[in-house]
Structure formats: C-alpha cells, structure tokens
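Taking this note's numbering, the leading residue of the sequence shown gets 1, the next gets one more, and so forth.
Hints may be right or wrong, so weigh each one.
[Said to hold, decoys possible] The calculated DSS-like cross-link candidates involving lysine-lysine, where the alpha carbons are at most 30 Å apart (straight line), are:
| no. | residue 1 | residue 2 |
| --- | --- | --- |
| 1 | K135 | K161 |
| 2 | K150 | K161 |
| 3 | K218 | K275 |
| 4 | K275 | K150 |
[Claimed, not checked] Ranges of calculated distance between the beta carbons of each label pair, as one might list FRET restraints:
| no. | residue 1 | residue 2 | range |
| --- | --- | --- | --- |
| 5 | V233 | E94 | 42 to 52 Å |
| 6 | Q111 | E66 | 17 to 27 Å |
| 7 | D251 | V90 | 53 to 63 Å |
| 8 | R186 | E229 | 12 to 22 Å |
| 9 | E267 | D300 | 43 to 53 Å |
| 10 | A252 | P49 | 45 to 55 Å |
| 11 | Q111 | R268 | 16 to 26 Å |
| 12 | R268 | E167 | 33 to 43 Å |
| 13 | E267 | E66 | 42 to 52 Å |
| 14 | E66 | E262 | 45 to 55 Å |
| 15 | E229 | E267 | 15 to 25 Å |
| 16 | R186 | E56 | 19 to 29 Å |
| 17 | Y182 | S296 | 33 to 43 Å |
| 18 | E222 | E64 | 57 to 67 Å |
Hint data in this document are derived by calculation from the structure and do not stem from the laboratory. C-beta: ideal position from N, C-alpha, C; glycine also.
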Amino acid sequence: MGLLDKLFKKKGKPIAKEEAIKETRKNDKEEATLYKFDGVKAMRIGNFPLAIKFFEKALEVCPEFETRYYYTQALKGSNRQEEALVQYDVLLEEVPTHYAALVERADLLLQQDRMEDSLKDCTLALEQSEADEEKALCYRLLSRIHLALKHYTEAIENAEKALAIQEDDTVSALVKARALTYLPDRSAAIHYISEACQRFPLEERFLLYEAYLYEQYKEEEEATRLYKETLEVDPFNEEAALGLLRMMLNDAQESEALSFIESFIAERNVSSNLKRVYANLLTKNGRESEATSILSELEDEGAEGVADFSGLYQGGIF
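Based on the provided sequences and hints, a complete structural model is requested.
In structure tokens form, the structure reads like this:
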C-alpha cells in the first residue's frame with residue numbers, strides 16, 4: 001500500500017482525499033478555537049502577555065477575523081500600539097467597513113498624533129454606525145480629533161452632538177469646555193465651564209480649564225485660586241501644579257515656587273517634564289549640581305525633551 005493510500009484510509013476503508021482535508025481543517029479550527037478561548041480568559045484577568053501567546057497560536061493554526069480582533073485588543077493592553085496598528089490594518093483590509101475596528105484604529109491613531117488619518121477612520125465609522133451609542137462614540141472621538149487639529153468650532157459641534165445623545169458624557173463636555181477657552185467669546189466659556197463644574201463636581205479639569213482662561217486674560221489672582229482648587233480636588237494634577245508655579249514666578253516668588261515644586265515632587269511620582277522644570281529652577285537658583293544630577297537621571301531613563309512651563313494638558317482625553 002502506498003503512502004497516500006495509508007494516509008487516506010480509515011478503519012480499513014479508503015476515504016476521499018477531500019474528506020481528509022476537511023477533517024484536518026475541522027481539527028485545526030477546533031484547536032484554534034481552544035487557543036482563542038484560552039486567550040480570551042487570559043485577557044479577562046488582565047494577563048495580556050499570556051493572551052497574546054494563545055492568540056498567536058490560534059492565528060497560526062487558523063487565521064480568523066474574530067481571533068485577530070481579540071489579538072489586537074491584547075496587544076493594546078500590553079501597550080504594543082505599533083503592532084496593534086498593523087493588526088488593525090489587516091482587519092480593515094479584510095472588512096473595510098468594520099465599525100469597531102475603525103473606531104479603535106482612529107483612537108489609536110489620535111494617540112499617535114496622526115490626526116488626519118484618525119479623522120478619516122472616524123468619519124467612515126460614523127457612516128457605519130447604527131445605534132445611538134455608536135453614533136455618540138463617533139461624535140465624541142471626532143470632537144477630540146478636531147480639538148487636536150485646532151478646529152475648535154468643529155470640536156464643539158461634535159461634542160454637542162455626543163452630549164445630545166448621552167448628556168452625562170464627561171469627555172465630550174471636557175472637549176467643549178477646552179475648545180471654548182480658545183475662542184474669543186470669553187463669557188460663553190466661563191458660563192459653560194461654571195455649569196459643567198456643577199454638573200460634574202468630581203472632574204477637576206473643568207476647574208483647570210477655567211484657570212487657563214483667567215491666566216490667558218492676565219487675571220492671575222483668580223487663576224491662582226482655581227489652580228489651588230484643582231489641586232484640592234486632585235492633589236496629583238501636574239498641570240495645575242505647573243499653573244500655580246507660573247503664577248508664583250510671574251509674581252516674583254522664586255523661593256516660594258522652588259519650595260512648592262520640591263514638595264510636590266517629593267510626595268509624588270511625577271513626569272519627566274516636571275522634573276526638567278524643577279532642574280531649570282534649580283539652575284536659576286545656583287544649584288547647578290543638583291540640576292545636572294536630575295537631568296542625568298532623565299537621560300539614563302531615555303526621557304527626551306526640554307522643560308515646558310506652558311503645561312497645556314496632554315493626558316487623558318487628548
């Protein structure tokens with residue numbers, strides 16, 4: 001009996017080669033399904049590295065769309081954003097109008113400052129959306145994209161559309177508030193932010209944006225009060241700390257500013273930018289050796305950049 005005859009023989013009876021191939025594919029799919037389920041379980045408990053291994057095994061055996069989608073989620077959970085983008089490209093090449101993949105890639109592209117690409121994906125996702133919740137998500141993301149592009153009127157319009165569907169949408173309210181601070185109508189910005197502070201009392205960024213507004217119009221006493229109030233709500237808010245620091249320096253309170261930032265950094269795990277600001281102040285106060293030590297540590301950590309006193313909010317929703 002030849003090799004092929006042995007391969008395609010079952011319990012003494014020959015079977016068709018096509019049936020054997022189907023059987024193999026069925027077994028592969030079952031194996032891939034088991035790997036996929038194990039990956040989903042690992043992802044649910046937050047073990048993304050293990051989930052990635054299971055999904056990669058599943059895709060190797062049987063490259064299915066659903067498995068690749070889960071794989072992409074696990075890559076994002078492991079902060080492997082570039083690899084996740086590659087997988088989104090594969091997903092959307094297979095199904096160009098897949099709503100979830102479009103929205104998620106748009107969000108990822110926005111995080112990487114690829115705003116124009118993000119805008120294209122989100123606009124297409126909106127066209128595919130059906131449920132109100134899906135539309136609200138698209139409008140919210142569009143408002144963030146337009147804010148990043150400095151299209152403030154469009155940012156406000158999309159934020160309002162999202163809020164019309166979901167009135168408790170904090171993110172869209174924040175986008176609208178921030179966009180208003182860039183427009184000439186100061187009274188509209190103050191009015192909306194004051195309302196938002198009442199509506200979302202635990203969201204300190206409304207106070208922060210109001211502080212930016214008063215600082216912009218050189219009303220530093222009111223800006224100082226609001227920066228302090230922001231820190232009372234969120235003692236770890238670096239943007240409020242930078243704002244308060246600017247107010248002190250504008251008022252020639254250099255020793256107070258240095259004491260404040262030293263205390264703030266000593267009690268918190270802060271960003272590399274705030275450490276650079278601290279080093280800059282140390283240098284200005286004749287403490288070059290301490291400043292050099294801080295900058296050397298940052299260099300060893302691979303942190304790049306220069307001290308930024310402006311403190312425009314870069315985290316969270318933006």
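Is the hinted range of 53 to 63 Å satisfied by the C-beta distance from D251 to V90? holds (56 Å)
Do R186 and E56 keep their Cβ atoms within the hinted range of 19 to 29 Å? violated (54 Å)
Could you see if the CB distance from E267 to D300 stays within 43 to 53 Å? violated (23 Å)
Pairwise hint evaluation, K161 against K135, where the allowed Cα distance is 30 Å at most: holds (9 Å)
Using the beta carbons of E222 and E64, state whether their distance is inside 57 to 67 Å or not. Given about 58 Å between the Cβ atoms, the range holds.
Hint consistency between K150 and K161 [alpha-carbon to alpha-carbon, up to 30 Å]: OK: K150 and K161 at ~18 Å, within 30 Å.
K275 paired with K150 [C-alpha distance capped at 30 Å]: holds (28 Å)
Do the Cβ positions of R268 and E167 conform to the proposed distance bound of 33 to 43 Å? holds (34 Å)
Taken at face value, is the distance from the CA of K275 to the CA of K218 at most 30 Å? With a Cα-Cα distance of about 26 Å, the restraint between K218 and K275 holds, given a limit of 30 Å.
Please check whether E66 and E262 have a Cβ separation lying inside 45 to 55 Å. holds (53 Å)
Outcome for the supplied range 42 to 52 Å, where the beta carbon pair is E267 and E66: holds (46 Å)
Verify the CB-CB distance for V233 and E94 against the hinted window 42 to 52 Å. For E94 against V233, whose Cβ atoms are near 46 Å apart, the range 42 to 52 Å holds.
Of the numbered hints given earlier, the model fails hints 9 and 16; all others are met.
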